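**Q** These protein sequence lines are chains A and B, in that order.
If you count by full-length UniProt numbering, then the first sequence holds residues 1 to 327, one letter each, in order.
If you count by full-length UniProt numbering, then the second sequence holds residues 1 to 327, one letter each, in order.
To be clear, the hints were calculated from the coordinates, so they are not data collected in a lab.
Among the hints, a few may not be true.
No copy labels: a pair is met if it fits in one copy or bridges any two.
Claimed, not checked - Calculated cross-link-like contacts (lysine-lysine; reagent style DSSO-like; alpha-carbon spacing at most 27 angstroms):
| id | residue 1 | residue 2 |
| --- | --- | --- |
| 1 | Lys143 | Lys63 |
| 2 | Lys309 | Lys132 |
| 3 | Lys290 | Lys143 |
| 4 | Lys317 | Lys270 |
| 5 | Lys66 | Lys177 |
| 6 | Lys56 | Lys309 |
| 7 | Lys38 | Lys309 |
These figures come from a predicted structure and were not determined experimentally.
Protein chains: 2
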Amino acid sequence: MMNINEHLLRTFEARPGEFLSGEELSATLQVSRTAIWKHIERLRQEGYEFEAVSRKGYRLVAKPDKLDVEAVLGRLHTRVLGRSIHYMNEVDSTNNVARELVQQGAQEGTLVVAEQQLAGRGRLGRKWHSPKGKGLWMTLILKPRIPLHFTPQLTLLVAVALCRSLRQITSLPIGIKWPNDLLIDGKKISGILLESSAEEENLNYVVAGVGIGVNLLPDDYPDDELRAKATSLAIEAGHTMDRSEILVAFLQELESLYDIYHEQGFGPIKLLWEALSVSLNRPVTCQTPKGLAEGTSLGIDESGALIVKLQDGTVTKWYSGDIQFSS
Amino acid sequence: MMNINEHLLRTFEARPGEFLSGEELSATLQVSRTAIWKHIERLRQEGYEFEAVSRKGYRLVAKPDKLDVEAVLGRLHTRVLGRSIHYMNEVDSTNNVARELVQQGAQEGTLVVAEQQLAGRGRLGRKWHSPKGKGLWMTLILKPRIPLHFTPQLTLLVAVALCRSLRQITSLPIGIKWPNDLLIDGKKISGILLESSAEEENLNYVVAGVGIGVNLLPDDYPDDELRAKATSLAIEAGHTMDRSEILVAFLQELESLYDIYHEQGFGPIKLLWEALSVSLNRPVTCQTPKGLAEGTSLGIDESGALIVKLQDGTVTKWYSGDIQFSS
């Protein structure tokens, strides 16, 4: 059964551009005019915009950009990934919700996607800005059949799938910065945060958090600092994009690479990562436990570590951290 | 302030072997005779045994073996490990309690130890039999400063520390079966279960569960199957042992190896593990994802995997599983 909000929306949508009087709406929906007014206010809080003119009534002028989950499920041709979608308006962090779901027995491929994250997290304990309706803020539950020490390979796999699907849809020159940030012209458009849980050498599960800045405009960033470092697909392409199309493309690409990974191992993924990377064969610096290190990035190893030739000629590996490109 | 149970126990302990009348106890503790009777019943439920003779009163004949936490803290010379001890009478699993504590912000070195586990868990989803007062059923919270993919080294480190401390105290011929079971003459006296949580390549925490069969006697095993596979220090040594002494020795040995590991890496730990292992240079079989495999164990690698020469001459690695010795 439709609730009154939905019924009200359908009524407006059936007569686009028209003013509907409180009297007429009250008669159609069989509720009082005061109730109509309350529901219009509620819809306004959800992002719907109404014009109200006395004696004429209300007119729907704008709808919030809500992810169309029905459309996603209708177009999606995956076997496992995204077959179950938990769509939420607002969460603290989709990774937290996914971790709770997995404790309750959620299956592999379960997707949590939210219009807004109030406490979205990025790598290295950083905040992740996730404004309402402007991006894809989501987490996938994965239960890969690999030993624990291969887990870092997964984070590279997710970055490759995301980079390939976004390039395909947008044709933008997107590259991967080690280990898993996606950049356009040095500005970040997406980040990945994998959290894993293991018992001895057996991986129990991974929650793979992915944030994509899809339709943010310059005003959607809270300050100049973030505006200088981050960008969105809409800013780069010059027009807004359909988030459901991006989600479908990403899930399909990820499932296909995930299957290849289980069948053939890390080899093909490593090749793709290196081909899409903007981090290789150039001078880089990194804050390591031993202080600031400087060198030239040569490649990645089987554990996803960055192989770096330091200035004194020795070759070392960086396992985690935030690299900067020096020139 | 002492509660009535404690007061009652002190009164009995002050006059060992004597009968104390309900009347006298009632006068001493300033409570009714009915209250005395109720408290004696409560103590009986905790494992204290009283002889009751009409007209003479009650006599304390046996006390349950409770771990003396005060004695542990008094003797312990560690810097971090076991400085905070959560002692519990009964838990589902000490690993579960430790995981909850770490979520609430518990520090590295926090120890959970229980007299009894109702749902103790072992490797590969197995049950772990943890009867009341008969063993050390415990979990340590560790926050090692190592990348995620080194986690399997920790499980070997814990096995080495446990093996060395038990050998030192008992002089029994205890060996390590890959990866981390402790055996005497092929029978298991202890098991280890590490659970880890990571964010990307950074280990958040490890809960290291350790079960040691200290004072179990043959009747303490639920069935012949377990009796045939498991043993205890008391059975092997021919006398019961002080659990607090074993706990202190283990924590001190573990802290000292843990410090060496952080300073010098896995090298020294690997040497010790190999020296204490009963798994090397002998025919072994293992149920692997590809079926039952047979070969000769050659050593372990940096990731804790067992290096095995298969019957066809190829050398492979087993990352997890349960090896059997063939002959």
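**Q** Does each hint fit the structure? Answer for all of them.
**A** Going through the hints against the structure:
Taking the shortest alpha-carbon separations for Lys143 and Lys63, neither the intra-copy value of 37 angstroms nor the inter-copy value of 48 angstroms comes in at or below 27 angstroms. Taking identical chains as interchangeable, the C-alpha atoms of Lys309 and Lys132 are never at most 27 angstroms apart, the minima being 43 angstroms within one chain and 57 angstroms between chains. In this assembly of identical chains, the alpha carbons of Lys290 and Lys143 lie at most 27 angstroms apart only when taken from different copies (19 angstroms versus 34 angstroms within one copy). Taking identical chains as interchangeable, the C-alpha atoms of Lys317 and Lys270 lie at most 27 angstroms apart whether they share a chain (16 angstroms) or sit on different chains (21 angstroms).
Proximity of Lys66 and Lys177 under a CA criterion of 27 angstroms is satisfied in neither setting, with 30 angstroms inside one chain copy and 56 angstroms between copies. For a Cα distance limit of 27 angstroms, the shortest separation of Lys56 from Lys309 qualifies neither inside one copy, at 73 angstroms, nor across copies, at 86 angstroms. For the identical chains of this complex, Lys38 and Lys309 are neighbours neither inside a copy (65 angstroms) nor across copies (75 angstroms), given an alpha-carbon limit of 27 angstroms.
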